[in-house]
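Undergrad: Heads up: the protein sequence lines correspond to chains U, W and H, in order. To convert, count from 1 in the first sequence and add 4; that's this note's numbering. Numbering-wise, this note's numbering puts 101 at position 111 of the second sequence, and it's gapless, one number per residue. To convert, count from 1 in the third sequence and add 2; that's this note's numbering.
Just so you know, the hints here were simulated from the structure itself, not pulled from any lab data. Hints are supplied without guarantee of correctness; some may be wrong.
In silico BS3-like cross-links for lysine-lysine, where the CA-CA straight-line distance does not exceed 30 Å [said to hold, decoys possible]:
| # | chain 1 | residue 1 | chain 2 | residue 2 |
| --- | --- | --- | --- | --- |
| 1 | H | K166 | U | K306 |
| 2 | U | K121 | U | K306 |
| 3 | U | K349 | U | K173 |
| 4 | U | K172 | H | K166 |
| 5 | U | K169 | H | K166 |
Partial selection, computed: residues in chain W whose CB lies under 7 Å from chain U [as the list claims (entries may be wrong)]:
| # | residue |
| --- | --- |
| 6 | S126 |
| 7 | Q178 |
| 8 | N179 |
| 9 | L280 |
By construction, the Cβ of each residue, glycine as well, lies at the ideal position given by its N, Cα and C atoms.
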Amino acid sequence: MTKRTAKLFGVLTGAAVATVLTAGAQAQETIKIGVLATLEGPFAAGGQDGMRGAELALKQRGGMVAGKKIELVKASSDAKPDVAVNSTRKLVEQDKVQIMVGPLSGSEGIAVKDYSKSQPGVTFINGGSGAQATTLVNPSPNFFRFNTDGGQWMVGLGDYAYNTKNYKKMALIAEDYAFPYSQVQGFMAAYCKLGGKITHKAWVPLGGKDYSSVIAKLPQDVDALLVVLGGADAVNFLSQYEQAGGDKPMVGGSITVDQTVLNFKGKRRDSLVGTPAAGPMADSIDTPEWKKFVADYKANFKDGFPSPSLFATVYYFNMKAALDALEAVKGDLSGNQEKYREALKALKLQTPVGEITLDENRQAVGPTFITEVAKGADGTFYNKVVKTIPKVDQKLNMSKEEFDKMGLGSRDVPNCP
Amino acid sequence: MSAAQWRKAMNFSGGGRNWSGGRPAPVTPETARPPARPAAGSDSVVPTGAGIWRLWHHVRWRHLVVLVAVLVYPWVATPFFTFQIGGQVLALGLIALSLTFLAGYGGMLSLAQMTVAGIAGYIVAILGVSGTPAISLGWPWWLVVILAVMGATLAATFIGWLSVRTEGIYTIMITLAIGMAFFYLAQQNYEIFNGFQGFQKVVPPVVLGIDWRQPMPFYYLALFWALAGYFFVKYLIRSPFGIALQGVRDNARRMRALGFSPVAHRVAAYAVAGALAGIGGVLLVWYNGLITPGSVGTSWLINILIIAVIGGLRHPVGPFIGAIVFVLLQNFAIDLIDRERFNLVIGLGFLVIVLFSPDGLLGWWDKAKEWVMRRAGGRRIATRSGEWRSSGGPTGVSTRAPMARPLGRQ
Amino acid sequence: MTLLRRWFWAWLGGLVLAALAVWGIVDNQRLFFVTTLNGLTLAALYFLVASGFTLVFGLLRNVNLAHGSLYLLGAYVGWVAGEYLGSWFLAVAAGFLFAALMGLVLQVGVFRFMQGEDLRQTMATIGLSIMAADVALWIWGGEIYQFDPPRWISGTTTLPLVGKFSTYRLVLLATAVVIGVGLWAFLAYTRVGMMIRAGVDDRAMLSASGVNVQMVFAITFAIGAGLAGFAGVVGGTALSIAPGEDTRYLLASLVVVIVGGMGSVTGAALGAVLIGVAEQFGLAYAPTYGIVFTFVIMALVLAFRPQGILGRRT
Chain U
5 MTKRTAKLFG VLTGAAVATV LTAGAQAQET IKIGVLATLE GPFAAGGQDG
55 MRGAELALKQ RGGMVAGKKI ELVKASSDAK PDVAVNSTRK LVEQDKVQIM
105 VGPLSGSEGI AVKDYSKSQP GVTFINGGSG AQATTLVNPS PNFFRFNTDG
155 GQWMVGLGDY AYNTKNYKKM ALIAEDYAFP YSQVQGFMAA YCKLGGKITH
205 KAWVPLGGKD YSSVIAKLPQ DVDALLVVLG GADAVNFLSQ YEQAGGDKPM
255 VGGSITVDQT VLNFKGKRRD SLVGTPAAGP MADSIDTPEW KKFVADYKAN
305 FKDGFPSPSL FATVYYFNMK AALDALEAVK GDLSGNQEKY REALKALKLQ
355 TPVGEITLDE NRQAVGPTFI TEVAKGADGT FYNKVVKTIP KVDQKLNMSK
405 EEFDKMGLGS RDVPNCP
Chain W
-9 MSAAQWRKAM NFSGGGRNWS GGRPAPVTPE TARPPARPAA GSDSVVPTGA
41 GIWRLWHHVR WRHLVVLVAV LVYPWVATPF FTFQIGGQVL ALGLIALSLT
91 FLAGYGGMLS LAQMTVAGIA GYIVAILGVS GTPAISLGWP WWLVVILAVM
141 GATLAATFIG WLSVRTEGIY TIMITLAIGM AFFYLAQQNY EIFNGFQGFQ
191 KVVPPVVLGI DWRQPMPFYY LALFWALAGY FFVKYLIRSP FGIALQGVRD
241 NARRMRALGF SPVAHRVAAY AVAGALAGIG GVLLVWYNGL ITPGSVGTSW
291 LINILIIAVI GGLRHPVGPF IGAIVFVLLQ NFAIDLIDRE RFNLVIGLGF
341 LVIVLFSPDG LLGWWDKAKE WVMRRAGGRR IATRSGEWRS SGGPTGVSTR
391 APMARPLGRQ
Chain H
3 MTLLRRWFWA WLGGLVLAAL AVWGIVDNQR LFFVTTLNGL TLAALYFLVA
53 SGFTLVFGLL RNVNLAHGSL YLLGAYVGWV AGEYLGSWFL AVAAGFLFAA
103 LMGLVLQVGV FRFMQGEDLR QTMATIGLSI MAADVALWIW GGEIYQFDPP
153 RWISGTTTLP LVGKFSTYRL VLLATAVVIG VGLWAFLAYT RVGMMIRAGV
203 DDRAMLSASG VNVQMVFAIT FAIGAGLAGF AGVVGGTALS IAPGEDTRYL
253 LASLVVVIVG GMGSVTGAAL GAVLIGVAEQ FGLAYAPTYG IVFTFVIMAL
303 VLAFRPQGIL GRRT
């Protein structure tokens, strides 16, 4: 499966290189867009799916926008900011891309945003990174993000957990870095305000595999666990928790029960069914646009996941925005891309999940979906939508004063023991 | 590749042969004797006082060519090549040079050189100006840089003190474990190291009206320090300390019998290597503009080893050659083969070098020259001591030949 | 240090640990015992991985930094075998056999020609480990793989003092004890074991006494590598397999063997217990810096007893 993807990339990059070499300097009819995703390292699976999402956006337009050919130049990183900046710099300064889409992970996003300030002639659009600081702290005038951030992804879940599921007291297990901080903030901002209590916070080091001690320390008098882990960590925690005899219901973060976790190769755990989570998309949104998106994904990528993952979806949003705005200005990137950037700012992006617009920091305002894990007829797990919150902004739908007072999420912010 | 040849090349198991930085037996390194005088007897070990000027005799055409090439490079290359390729090669090469010095001339293969460089980088970020004003103290740049290099030297001395009792493979394991300890510390601690996020916007200052992060100024800055490091190491290996260090590498017991302290020499070597790596670390953090725990993680620790070994541990220019290969591959592998398989290519290249040319690329270069010279008829090149053999002798011909030329071409 | 001084320090250290233990029990009894048991079971896993590493080093003087890769590759192959053959036990066997085979190939094909050049062998293993990690990523991708052990060894058991505990981890502990005893018996009572022990002491003499040293080396490397593959499947069932596991277990083996002493299987057991328990207690009582504790212990051992606790000065 991966061999074929690798061959596909090889062919595409080979074709891209061939086009570069033969076309020489910028041909008027071709616009180059660079795409950066984590194709190496621990997020490799997510990165590959992100690439698929970006390619899908281009394929839906037949590879052309406003009569001009679009050429995708790919680059890879391994979730390290220095590698990401090096790859971006190569795409921008060496391969001379005019628009840059990427990167995938949070800390890479901040580093690429800093780099974008030194390249005012290129427009940078996010790929999948969801750190709050990218657009909240020192935003860059040519960095646009059409996906909501980690905190926005959890808005509404706090309310759902407290009121609908009746979890009044919870314990938290999350990885110890910026993305989970923002996720926890998104959840607790509402949850604490409603009167919920998080009595125990367990911040585990990233990549730690053995959760036995953490599980042993979990208090017994809580109603549920808030688990904000991703990928392999989530899989490990879930199985170890069950083996240790744990039986508390869970509430998951956006990447805790997503496709990459639900589809790990091995025995599915039935205990996962019913776990609520929240995120910018869900596997089973019941709209025709979403169904078409899933069908397109499946038709174009036989080696992909059964349903597009979060990474494929957000890369799709960002690439689609890049192309839609390009169409709006008829491919006119002159004048330091002035018109193009205005078009991006004004864009009302129609995505398979709804409408996404930008705020004054060029950050997306879009929908968040509350989901629950369900078992499909064929035995596979998926996330079904139980609630949709249409317009979530970066202030987590709080007022400016409240949000500024709270500040960015960290280990102790917010707190309601 | 026989075991004997490997040992010879790697200078590791002494075996009674006194290698001094890659020069073949006879024992002594080059001297500064004026070429006209006929060779006789043993040579003095070190250039004498006035002898420092006699180093001019060692300068050959190829040195001048390379020097001119690196000076002129930014004027002919694009800003991308100057900054991303050139700047990175020089910074990484300097860090790998510290490893070459330690391993090739000291016999201690330390995987913690990137850790030391990272410590210098973190000090620059924490004490200087960065994008995290909550932690960074904002001290003036010159103070911060000096403190960073000093901190790196101190850290290296500490690592050396811990590792000095071990040898060879043990040193690799222990320095790797120390490097990992620092990685986890930097990743977990938020008060000082800012954890997983690290520090962003750590940029060189604007001094004398020049923004030193622009491609050309940065390149020249890095070039200056790389050349300084290179010449410093070349000088050091011929100084009494350097010779003693190589003696300790070859036979510590004998050195102890002669009154030298192997432990002290080794720890001092770590300190010197730490200073070099510290300078390289400051350059690297300025190049990247950021430092995170990922910059000092396992992959970077091993990458420095790969760079040093690919180039060749025999001569101070080796790490720079290795850095050129590494950086070019890292940037352009995605255009030639799948970028995803970059690691496979690097690992394969490294393995091939270890198996077939432990001298790295320098070894292949020398072998190629030998082969050419053998084809050209096996010229006899006389030396002062007259015990030189015809070409086809041990590696190191290239560095000997210039000395002999003043005697006239044969 | 004189015997009296050594005993004094040992007693002092023991007293401090006992005081901490009493405080731990009083503070949260269940947590203390669960953590101890967790530490022992983690130590079991570390022992399984480190025993092969130390065996290879002890006899061949080869620091096999590709040991972690053998763990990971054995785990992946075991998983594939388990899927096709449908049995977890066959997966374990497949992991062991594949890794043993790889070890044999490496020794006979690569390391045999580098006899005596320890550093060169180590660097070759570094290159091999980089390649193996990338090949594994290529073939199996970045996803997480989990095993499907039979019902009767997974699930929960209830123990006194500890409450509910994972059955599989207890099985892991039992497995490690069995393997440890088996390895010791192999080394102590069989002919090959005797040759291995003799070779660890004096390789030249072994060769001079007419033994086919290359065959002994090949067998040892195969066993050491096979142990890594076995640990891969067994450990991968407890904690899943994913890219990056190879580095993690390599580091763990390194630390365990440095602390316990190179070349000694008993040393590996002791080191594993120390490191496993320290790591779990660190995670339970000081989660932020727990990981750093293991390295601090290692540094302390190095500073005061560089050959490891049970190691021999070579």
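Undergrad: For each hint, tell me whether it holds in the structure or not.
TA: Checked hints:
1. H:K166 / U:K306: 43 Å, violated
2. U:K121 / U:K306: Measuring from Cα to Cα gives roughly 39 Å; hence the hint is violated.
3. U:K349 / U:K173: Violated, because 42 Å separates the two Cα atoms, which is more than 30 Å.
4. U:K172 / H:K166: 25 Å, holds
5. U:K169 / H:K166: With a Cα-Cα distance of about 27 Å, the restraint between K169 of chain U and K166 of chain H holds, given a limit of 30 Å.
6. S126: Violated - the Cβ of S126 of chain W stays beyond 7 Å from chain U, reaching only about 14 Å at its closest.
7. Q178: It holds, given that the least Cβ distance between Q178 of chain W and chain U is near 6 Å, below 7 Å.
8. N179: 10 Å, violated
9. L280: Given a least distance of 6 Å, the restraint on L280 of chain W holds.
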